[in-house]
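K.L.:
Please take these sequences and the hints and turn them into a complete structure.
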Amino acid sequence: MILTPETLEKIETTIPKYPVKRSAVMTLLHFIQSEQGYISNEAVEWVAEKLEIQPINVLEVVTFFPYYRQEKLGKVHVRVCRTLSCALMGAYKLSDDLVKQLDCKMGHTKEDGSVTLEYAECLAACGTGPVVLVDEDLFEKLNQPGTVEPMVEVIKTRAQSEAAASE
Amino acid sequence: MAAVENRILLKHADEDYYSPSIDSYLQYGGYETLKKALYEKPEDLREVVKESGLRGRGGAGFSCGVKWSLVDRKSGKPIYLICNCDESEPGTFKDRQLVHKDPHQLIEGMMISAFANDVELAFIYIREEMPLGAKILEKAVEEAREKGLVGENIQGSGYSCDIVVHRGAGAYICGEETGLIESLEGNRPYPRIKPPFFPAVLGLYRCPTIVNNVETLCNVVHIVKMGADEFAKIGRAGNTGTRIWCVSGMIQKPGYYEIEPMTMRELLYDLCGGPLPGRKLKACIPGGGSMKILRVDESFKDRDGREFSFDEIIVDYDGIMAAGSMSGSSGMMILDDSTDITEALANITAFYAHESCGQCTPCREGSLWSKKITARMCTGGAREEDVDLLYDMAGNIGGRTVCPMGYSITWPVQSYIDKFRDEIVANAKANSCGMKSYEERLIEK
Ligand SMILES: Cc1cc2nc3c(=O)[nH]c(=O)nc-3n(C[C@H](O)[C@H](O)[C@H](O)COP(=O)(O)O)c2cc1C
Ligand code: SF4
Ligand code: FES
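Protein sequences appear in the order of chains A and B. Just so you know, our numbering puts 77 at position 77 of the first sequence, and the rest follows in order with no gaps. Just so you know, our numbering puts 5 at position 5 of the second sequence, and the rest follows in order with no gaps.
Incorrect hints may appear among the rest.
Said to hold, decoys possible - The calculated lysine-lysine pairs, modelled on DSS-like cross-linking and capped at a C-alpha distance of 30 Å, are:
#1 A:Lys17 <-> B:Lys419
#2 B:Lys135 <-> A:Lys72
#3 B:Lys77 <-> A:Lys50
#4 A:Lys17 <-> B:Lys35
Hint data in this document are derived by calculation from the structure and do not stem from the laboratory.
P.N.:
Below is the structure:
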C-alpha cells in the first residue's frame with residue numbers, strides 16, 4: 001500500500017503517543033481514510049501489521065463505526081443532522097431540498113463520486129439547528145432565508161475542484 | 001427582577017477581545033492556578049474539589065471529589081485521566097463551546113486534575129463530528145507544551161504529564177465511560193460490565209482511570225482558584241457552581257446559558273424569550289434525549305408533599321429530580337403545541353436504535369422495536385394495542401443491560417406514553433398520525 005510521506009510520518013509519530021500500540025488503530029484509520037477516501041482490505045492488513053494485531057481486530061473497528069468506510073466516500077461529504085432539535089427546526093424539509101439540489105439520493109454517493117449525502121445523528125449544535133456538516137465545516141440555522149444556497153454553492157464548487165484536482 | 005446568567009466558565013468565550021489562543025488565556029490570568037497548584041499536596045487539592053460539592057456535568061451527576069477518592073492508589077499501576085468530549089446526547093452542545101472558544105481553560109483543568117491524582121498521561125476523547133474542535137485542542141496542547149505547562153517537568157516542578165487528543169469515529173456509545181475506554185484501547189466500544197469494571201479500579205488497560213466531562217474539568221480550575229467555600233456559595237446546597245444549559249427546539253432564543261439554579265420560568269421566559277409567536281409550550285425534555293419528558297401543564301409533588309408547577313421547577317440536579325426526571329447532560333429540548341408527540345418519540349427512538357452498540361439483546365432488539373412501532377404510529381400500519389405493547393416491551397430494557405443506555409429507551413417511551421397517552425393512543429388507533437406538514441415532520445416518511 002502506498003501512502004504519502006506526510007501520512008507515514010504522522011503515523012510514525014502517533015503510535016508512540018499511546019502506551020499500547022493497539023490504541024492507535026482509530027487514529028491510523030483516520031489518517032488513511034482521509035488520504036484514500038475509504039479503508040480498503042489492504043489498508044486493514046497494513047494497519048494490523050503495523051500495530052501487531054490481527055486484521056480482524058482492525059476490521060471489527062472499521063465495521064463498527066459509521067465514520068469508517070469500506071467503499072469510497074464522495075469527494076464532498078454532506079451530513080444532515082436529523083435528531084429531534086434539528087428535526088423540529090425543519091431538518092427533513094432541508095434534507096428533501098438537498099436531495100433535489102444536489103441531485104443525490106439520501107444515504108448515497110453520486111455515481112460520479114462527487115458527493116455523499118447522508119443523515120447524521122445529533123451533531124452537538126442543536127441550538128442553531130438545523131445544521132449540516134460539509135466535510136469539516138458546520139453550516140447552521142439552515143431554515144433562515146438565504147442560508148442554504150451558499151452552502152450548496154460550497155458543495156458544488158468543492159465537488160468540481162476536487163474532481164479537477166484528482167484528474 | 002429578570003433572571004440573568006452568571007458566566008464563570010464562559011466568562012470570556014463570546015467576547016470580541018478573546019480568542020482560543022494561549023495568549024488570550026494568559027492575558028486573563030490563565031495557568032496561574034496550575035502554577036500555584038503544583039506547590040500544593042495532591043491530596044489537599046483532591047480535598048478541595050470534594051469540599052466544593054462539584055457534581056459531574058456529563059450525565060449522572062456523581063460527586064467529582066468522591067469519584068476521585070475511589071481511585072485505587074495502592075495497585076502500583078499508572079493512573080489515567082480521560083476527558084470525555086464525546087458530547088453526543090441529543091440536545092447537548094455546551095462542551096463544544098468550551099472546547100472551541102476557551103480550550104486552555106480545559107487544559108488547565110485537566111492538568112490540575114491530573115496533578116491532584118498523580119496522573120502522568122491524560123487523554124481527551126473528542127467525537128469525530130467536531131473536527132475543528134480536535135484541531136483547536138491539538139494546537140492548544142502544543143502551545144501549552146511549548147510554554148512548559150504540559151509535558152516534561154512542568155514549570156520546573158518535577159511533575160510530568162502529557163495529553164493525547166484522540167478522535168472518535170461517530171458512535172454515541174463512546175460517550176459511555178467504559179465504551180470510551182474500550183475504544184481508546186483500540187477495540188469495539190462495547191461497554192464493560194460493572195462490577196468488576198469500575199474505571200476507578202479497572203479502567204484503561206485495566207489500570208485505575210478517571211473519566212470526567214469537559215465542563216466538570218473546567219470547573220476544577222475555578223474551584224482551586226477560589227477555594228471550596230467560595231465555590232460552594234455559587235448555586236445551592238448539593239448543586240454548587242453554575243451549569244451550562246443548552247436550550248433548543250421551539251423557543252424564541254435557543255442557545256447555551258450558564259446559570260445558577262433558577263426556575264424553569266426564569267430560564268425559558270427571561271433568558272430564552274418564551275414560546276415562538278402564536279404558539280404555546282407543550283413539553284420539555286430536560287436533560288438530553290435519554291431523559292423523561294415533562295409536560296408544562298403538569299403539577300409535581302416534592303418530598304414534603306408540597307405541590308409545584310412546571311414553571312416553578314428549579315433548574316438544577318435536585319430540582320429536576322424532584323419533578324421526576326433528571327438533569328442529565330443539561331440538554332433541554334422544548335416542544336410546543338405544533339409538535340406531534342408521537343413523531344417526537346419516533347425521532348428519539350430512531351436515535352437510540354441507531355446508536356445501540358448491539359451487545360445486549362434487550363437494548364439491541366428493544367431499540368429497533370421501539371423505532372418500528374413508533375414509526376408505524378406515524379406513517380401507517382399501527383394498531384391500538386401497539387401502545388401497551390410498546391410500553392411493556394420498553395419496560396423490559398432498562399436495568400437489564402450492560403450499560404445504562406437501556407434506560408435511554410425505557411425512559412422516553414414510558415414517560416411519553418404516561419404523559420401523552422391520549423394523543424399516542426389516538427394516533428395508533430387512527431393507524432397513523434397522518435404526519436405533520438412537510439415543514440414540520442420529525443421523521444422520514
Ligand atoms: C449511553 C451513555 C452516553 C454517555 N455520553 C456521554 C457524553 O457524550 N459525554 C459525557 O461527558 N458523558 C457521557 N456519559 C456519561 C459518562 O459515562 C460518564 O459518566 C461521564 O463522562 C463522567 O463524567 P462526570 O463525572 O464529569 O460527569 C454517557 C453515559 C451513557 C450511559
Ligand atoms: S445497553 Fe445497549 S448500548 Fe449499552 S452495552 Fe447494552 S447494547 Fe450496548
Ligand atoms: S439535534 Fe441536530 S445538532 Fe443536536
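K.L.:
Please go over all the hints and tell whether each is borne out by the structure.
P.N.:
For each hint, the structure was consulted:
1. A:Lys17 <-> B:Lys419: 51 Å, violated
2. B:Lys135 <-> A:Lys72: Satisfied, since the Cα-Cα distance of roughly 24 Å is no more than 30 Å.
3. B:Lys77 <-> A:Lys50: Answer holds: B:Lys77 to A:Lys50 is near 27 Å, not above 30 Å.
4. A:Lys17 <-> B:Lys35: 25 Å, holds
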